[in-house]
Structure formats: structure tokens, C-alpha cells
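Chains as they are written, first to last, in this note's numbering: chain R, 1 to 310; chain C, 1001 to 1249.
Since the hints were derived computationally from the structure, they do not count as laboratory data. Cβ atoms here follow ideal geometry from the backbone N, Cα and C, with glycine treated the same way. Don't take every hint at face value.
Claimed, not checked - Selected chain R positions facing chain C (Cβ under 8 Å, derived; list incomplete):
id, residue
1, Cys42
2, Ala129
3, Asn131
4, Val136
5, Ser138
6, Ser176
7, Ser177
8, Val290
Unchecked claim - The calculated EDC-like cross-link candidates involving lysine to aspartate or glutamate, where the alpha carbons are at most 20 Å apart (straight line), are:
id, chain 1, residue 1, chain 2, residue 2
9, C, Lys1016, C, Asp1122
10, R, Lys124, C, Asp1122
11, C, Lys1231, R, Glu284
12, C, Lys1243, R, Asp253
13, C, Lys1197, C, Glu1070
14, C, Lys1002, C, Glu1147
15, C, Lys1197, C, Glu1057
16, C, Lys1145, C, Asp1160
17, C, Lys1231, R, Asp282
18, C, Lys1032, C, Glu1070
19, R, Lys124, C, Glu1093
20, C, Lys1243, R, Asp219
21, C, Lys1195, C, Asp1081
22, C, Lys1002, C, Glu1051
23, R, Lys124, C, Glu1221
24, C, Lys1016, R, Glu284
25, C, Lys1002, C, Asp1081
26, C, Lys1020, C, Asp1160
27, C, Lys1145, R, Asp233
28, C, Lys1243, R, Glu307
29, R, Lys220, R, Glu307
30, C, Lys1241, R, Asp233
31, R, Lys124, C, Asp1123
32, C, Lys1231, R, Asp219
33, C, Lys1145, C, Glu1054
34, R, Lys220, C, Glu1237
35, R, Lys220, C, Asp1240
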Amino acid sequence: MAILLFADHDNASLSEHSARALGAALQIGPEVDILIAGQGACAAADAAAALAGVRRVLLAEADPLAERMAEPTAALIVQLAVDYDTILAPATSSGKNVLPRVAALLDVMQISEVTQIVAPDTFKRPIYAGNAIEVVQSTDALRVLTIRSASFAPAATGDGAAPVVAVDPAAAPALSSFGQNLLSVSDRPDLSSARIVVSGGRALGSKQRFEAVINPLADKLGAAVGASRAAVDAGYAANDHQVGQTGKVVAPDLYIACGISGAIQHLAGMKDSRIIVAINSDGEAPIFQVADYGIVGDIFDIVPQMERAL
Amino acid sequence: MKILVPVKRVVDHNVKIRVKTDGSGVDLANAKMSMNPFDEIAVEQAVRMKEAGEATEVVVVSVGPAQAQEVLRTALAMGADRAILILADGRVEPLSVAKILQRVAQAEGAGMVILGKQAIDDDCNQTGQMLAALLGWSQATFASKIEMEGAHALVTREIDGGLQQIRVTLPAVVTADLRLNEPRYASLPNIMKAKKKPLVQQTPEDLGLPIAPRLTVLRVEEPVARASGIKVGSVAELLDKLKTEAAVI
Ligand SMILES: Cc1cc2nc3c(=O)[nH]c(=O)nc-3n(C[C@H](O)[C@H](O)[C@H](O)COP(=O)(O)OP(=O)(O)OC[C@H]3O[C@@H](n4cnc5c(N)ncnc54)[C@H](O)[C@@H]3O)c2cc1C
Ligand SMILES: Nc1ncnc2c1ncn2[C@@H]1O[C@H](COP(=O)(O)O)[C@@H](O)[C@H]1O
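Kindly produce the complete structure, drawing on both the sequences and the hints.
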């Protein structure tokens, strides 16, 4: 039977996580429908229809869906569920918010953060901050999955052949209401999909120094900026910059860790990067165990030197 | 308003776990066990809300083995009033935990359930959302701030692009993110007092619930190790390697 992909988007555009989740879905089966739940979301639906391998795009528009609040969005997915034997979403904050609610309403055990499709009912997923990989088989008739997008290549953008079909969301009780989004604005690339990430840790010492040391190197490289939990907790960087077990999972071509010790919770979010560079004054710091290239030294000396030499 | 806080006993976050060589699971023998760090944040939040007069009672509940009493006692020492242990050995999946919590929340007449956003052992990030679905309540996940407004709560959530504020109708399920608060350490007098606070035990069967897992764990593998790298002596050498050897810049 078919697969329903609950897409991540902001009405105006489709996030790259959706294309990556589609890459995963197509490994399970060929009949994949993409659900765009939103309001004024034609642009996102068209972007989804242009992805290679999509059968149909379902466009559900209503005011309560504008920000994909969990209650109406889960109700919508449950309404559509009968036609599918797999329902999946990228493991973004939206997918992680909505999909477990769907799973419980359908009495299904969700499989979170899938990193590999072994068979249509069997999946690999990291546990214990990525220190072990669990191979699980579902015994449920329907499977509900969130996909770790860093582990899958995005489906290609094709020629826009898939039809966009409107669906009517059934009325759902208004249990909660949207207030406002306070989004970080930045000209830099998005952290989760950037090709290069420059991350700073507690060693930066202040927000001013974080910005004075990390940002220029990131800008020279066209990189996104990341941070350790310690740097975020201390207010040096915004919460959405956190990389790790409980932050974002990234796998760029190049990850540069500056003044980050390499706690397991941080490694969980970046150790699948293709090339890792570590700069740390402590030659014994655990970050060096995963680094391809390490420099033992002071970040306040090394990082500006790199920036100047580029 | 009564607040229910589910707390899970998990391997301590400082422990580096090992995968058993036969692939049957993770070796936790003699590993230090603690309260899931996110649940400490949830307990702290509930206790602060009681201290602020926004809650009348804080009830903590754990689903797990007899030793989960220890994490419940820790929660009591932090300021929770009462504890419930639902005795269950072995792997209990989030869907089953959510079903158990649904019964407990209904029996207790809770006005809010605050959970951790994620257990650091299974890394599922599901139980709160599932519980909200089963109860038919509103949900606010990944909370970094909770402000009470009569019949509603204004919750600030950590989302991918920054923060989001939503208003949930009570009763509601909230899951705690790292920035919600910094949990207190229990003082010695409070640890002593906690020993006398009520802790009752039940079983899933008492609640009329089967807890058979839906997922079969076929095996547990070691993650692929990275090949060991090198230390370079200068920035010039580093940039040269990144350009020629790794071809990433
Ligand atoms: C439940 C839970 C979830 C967590 N989730 C995450 C997560 O998602 N992401 C995350 O990152 N962490 C997470 N953590 C926190 C994690 O355990 C570590 O505490 C954190 O990653 C440490 O951050 P850090 O490396 O910046 O700081 P530290 O560990 O303090 O390391 C600072 C490093 O900087 C080096 N240094 C100091 N001065 C200089 C200098 N001048 N030049 C060069 N190097 C210098 C030091 O040698 C040291 O290695 C979590 C923890 C818990 C309990
Ligand atoms: N066995 C359990 N006992 C009590 N609470 C639990 C249990 N399992 C999960 N929880 C709660 O659900 C949250 C999320 O867990 P999970 O969905 O497993 O990542 C935890 O932070 C706890 O608050």
C-alpha cells in the first residue's frame, strides 16, 4: 500500500528535510503522497509536486493548520490514514510534535529518528545518544516513522509532474491557539542543511566573543553557525543553534568545532559529518577522538588566523 | 490544580554505555542510574508552580522496576508531595507508558502533566505527545517557559527556527526542554523528609493494561567508528589538508 509523508514547510517554501524524508520513503515503496497542511500553502505544494518520485500532493488548507498546531494537524493525518500503511515525517520540531500524537490516536508505536531502512517494516535508529544502534521490526499493521534527515540524500527536483489534490480537513476542537513565532533571522545558511558548519563552545566566554570569533570564519566559508549546549545555556548563541542529542543533528561536509570538549551529547549531533576539524587547547579533549584534523591551541589565536588565511 | 510529573529512571548521562558483544542489547550492569535529566527539569517546574501558588499538589509517577523508587524519592526531596510507582520490568514502550499515564492522570484529576521532552536512553521523544492524544488534551512540547493565564497557559516552545509561543487550554500536557529552568539540588533535610512522603505501588494489571511491546528489537549494534585522524601543527597545514586532501573548501 501507499506511504504518506507529512512535509515540513512554512507555507511559502518546502524545507529540505521534506526532500530527504522523501528519499527515505522511496526506499520503503514507490507510491508516496506528500501532505502539505497549512494555509496559503500553494507555493509549498508546488515545490513538493516538483520532487522526483512523488505520486500526488495532498493540500489541506485551513486557518488552524497555518502553523501546523499539533491537535488539528494530527486529526487531519488520522483522517487520511486509512489509505496508507506507512506514515512518516522528517524528525524536525514539527514532525516530532505531531507524529507521536498521530501514532497514539492510531494505536501504533512510533519509530523515532530512523537512520536506515532495512526493510519496509524494519529500521535502524540510534539510542543512548548514538552510542548504540537499535534494529527494530514493527508488528503494527501501520507504521509511523520520523526520519533523521541527515542520514538520507534528498530526492531530486524533477519536472513538477505530480498532481496537487485539495483535501478538506474535518473540523477539530480548538484546544490551543497560535501566539507568535520568534524566529532567528540570519543571512547564513540553515544549520541543518549547510555544507559547512562552524560551531563554538563554552570556551568562547561571552556572546560578544562568540560573535567576534565564530561569525567571521563562518562568513568567510559561507557556513552555518552551531553551538554546544553549554554555549547556548550561557546565552552565547540562540537555542536553535544547539547541535547534539537534544538539539539539531547535522552531517555537513565540514564541521569545525571551536572550544568544544566533545561530550557524548554533542558528538551525537555531529559525528556523522564527513570531515571534522577540532580546535581545542586541551590535547586530551574527547573531540579529538572523532576529528579528522585537530589543532591543539587557543581558539582566540587559531580561528582568526584561519579567517585571515582564507 | 494538581500537576502530575512522570519521571523515568535511566542510565546516568555521564555514563558511556557499551553494546553487548552478542548484539542483544546494552550492558547496564553496575551502571549508575539517575532520573532522566529532562524529568528533573519537569519536577523543578511543577514545584516552582506550587511555590508560586499556581498548583496545589505535585504528584510524581514512574513506570519501571522497584529501583525506580530511588528517582521518585529524589523527586520528593526536590519538593513533590506524593509518588506512584507502576511496577514493570523490562522494556516498556512509550505507547504503553502513555496508556498507563492516561489512567493515572484521569484517576488523579490532574490539571497539567509535565513530562521531559525525551528520555536519554531510548531517545524516543514521544510519550508526552502520545499522552496528550489519548487524553484528548492540548499539548505544548519542548517548553522553555510556562506562564499561567487562568484557564490557559502561555507556553514558549523551542522550535527549529527559534521560539514559538502558543496558548493551550487546560488541562494540558507540556514537555520540558533544557532551558525551562535549572533544577535545584535536594538539601539533606529535604532528603530526610522525602523518606516519609507517601509512595504507593501499583502494577499495569491493576490498571487493566497489557504492556506487550509492539516493536521487536532484532539486535543492537555498535555505531560505525570513525577512522582516527591526525593533529596538524599549523593553520597553514590545516587549510592545505582541507583543500587538497579532504577537498571540502
Ligand atoms: C540531558 C542532556 C542533554 C544534552 N544535550 C546536549 C546537546 O544536545 N548538545 C550539546 O552540545 N551538549 C548537550 N549536553 C551537554 C553536554 O553534556 C556538555 O555539557 C556540553 O556539550 C559541553 O559544552 P562545551 O564543550 O562547549 O563545554 P565544555 O565541556 O566546558 O568544554 C569547553 C572546551 O573548551 C576548551 N577550551 C577552553 N578554553 C579554550 C581556548 N581558549 N581555546 C581552545 N579551547 C579552549 C576546553 O579544553 C574544553 O574542552 C546535554 C547534557 C544533558 C545532561
Ligand atoms: N517509564 C517511564 N516512567 C515515567 N515516565 C516516563 C517513562 N518513560 C517516559 N516517561 C516520560 O516521558 C518523557 C519522554 O520519554 P520518551 O518518549 O521515551 O523519550 C520522559 O522524559 C518522561 O517524562
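Hint-by-hint comparison with the structure:
Restraint check, R:Cys42 versus chain C: the minimum CB separation of about 21 Å is more than 8 Å; hint violated. The restraint placing R:Ala129 at the interface with chain C holds, with a minimum CB-CB distance near 7 Å, inside the 8 Å limit. Against a cut-off of 8 Å between C-beta atoms, the interface hint on R:Asn131 holds, since the closest Cβ of chain C lies about 5 Å away. The interface hint given for R:Val136 holds, since its Cβ lies 5 Å from the closest Cβ of chain C, which is under the 8 Å cut-off.
Hint status for R:Ser138 relative to chain C: holds, with the closest Cβ pair at about 6 Å, below 8 Å. Given the 8 Å rule on beta carbons, the hint for R:Ser176 holds: about 4 Å separates it from the nearest Cβ of chain C. The restraint placing R:Ser177 at the interface with chain C holds, with a minimum CB-CB distance near 5 Å, inside the 8 Å limit. The interface hint given for R:Val290 is met, as the beta carbon of that residue sits about 5 Å from the closest beta carbon of chain C, less than 8 Å.
Distance check on the hinted pair: C:Lys1016 and C:Asp1122 sit about 15 Å apart at the alpha-carbon level, within 20 Å; holds. The suggested pairing of R:Lys124 with C:Asp1122 holds, with an alpha-carbon distance near 13 Å, which does not exceed 20 Å. Taking the CA atoms of C:Lys1231 and R:Glu284, the gap is near 12 Å; set against the 20 Å cutoff, the hint holds. This hinted pair checks out: C:Lys1243 and R:Asp253 have alpha carbons roughly 12 Å apart, not beyond 20 Å.
Under the criterion of a C-alpha separation no larger than 20 Å, the hint pairing C:Lys1197 with C:Glu1070 is consistent with the structure, at around 13 Å. A hinted pair counts as satisfied when its Cα atoms are at most 20 Å apart, and C:Lys1002 with C:Glu1147 qualifies at roughly 16 Å. About 13 Å separates the Cα atoms of C:Lys1197 and C:Glu1057, which keeps this hinted pair within 20 Å; it holds. The suggested pairing of C:Lys1145 with C:Asp1160 holds, with an alpha-carbon distance near 16 Å, which does not exceed 20 Å.
Annotation: proposed proximity of C:Lys1231 to R:Asp282 holds, straight-line Cα distance about 12 Å (limit 20 Å). Taken as a hint, the C:Lys1032 and C:Glu1070 pair is honoured in the structure, with Cα atoms around 12 Å apart against an allowance of 20 Å. The suggested pairing of R:Lys124 with C:Glu1093 holds, with an alpha-carbon distance near 16 Å, which does not exceed 20 Å. In summary, the hint linking C:Lys1243 to R:Asp219 is supported, as the alpha carbons are separated by about 18 Å, within the 20 Å threshold.
For the hint pairing C:Lys1195 with C:Asp1081, the CA-to-CA distance comes to about 11 Å; that is within 20 Å, so the pair holds. Between the alpha carbons of C:Lys1002 and C:Glu1051 the distance comes to roughly 13 Å, so the proposed pair stays at or under 20 Å and holds. In summary, the hint linking R:Lys124 to C:Glu1221 is supported, as the alpha carbons are separated by about 9 Å, within the 20 Å threshold. Pair hint C:Lys1016 plus R:Glu284 holds up; C-alpha atoms about 17 Å apart against a cutoff of 20 Å.
The hinted pair formed by C:Lys1002 and C:Asp1081 meets the criterion: a straight-line CA distance of about 10 Å does not exceed 20 Å. The hinted pair formed by C:Lys1020 and C:Asp1160 fails the criterion: a straight-line CA distance of about 35 Å is larger than 20 Å. The straight-line distance between the Cα atoms of C:Lys1145 and R:Asp233 is roughly 14 Å, inside the 20 Å bound, and the hint therefore holds. Restraint check for C:Lys1243 and R:Glu307: satisfied, since their Cα atoms lie roughly 14 Å apart, inside the 20 Å limit.
Distance restraint check for R:Lys220 and R:Glu307: the Cα-Cα separation of roughly 7 Å lies within the 20 Å cut-off, and the hinted pair is therefore satisfied. Note on C:Lys1241 and R:Asp233: the hinted pairing is violated, with a Cα-Cα distance of about 34 Å set against a maximum of 20 Å. Straight-line distance between C-alpha atoms of R:Lys124 and C:Asp1123 comes to about 13 Å, which keeps the hinted pair within the 20 Å bound. Distance hint between C:Lys1231 and R:Asp219 is unfulfilled; the C-alpha atoms sit about 25 Å from each other, more than 20 Å.
Between C:Lys1145 and C:Glu1054 the CA atoms are separated by roughly 14 Å; this keeps the pair inside 20 Å, and the hint holds. Simply put, R:Lys220 and C:Glu1237 have alpha-carbon atoms about 18 Å apart, close enough for the 20 Å limit, and the pair holds. Note on R:Lys220 and C:Asp1240: the hinted pairing holds, with a Cα-Cα distance of about 16 Å set against a maximum of 20 Å.
Of the numbered hints stated above, those contradicted by the structure are hints 1, 26, 30, 32, listed in ascending order.
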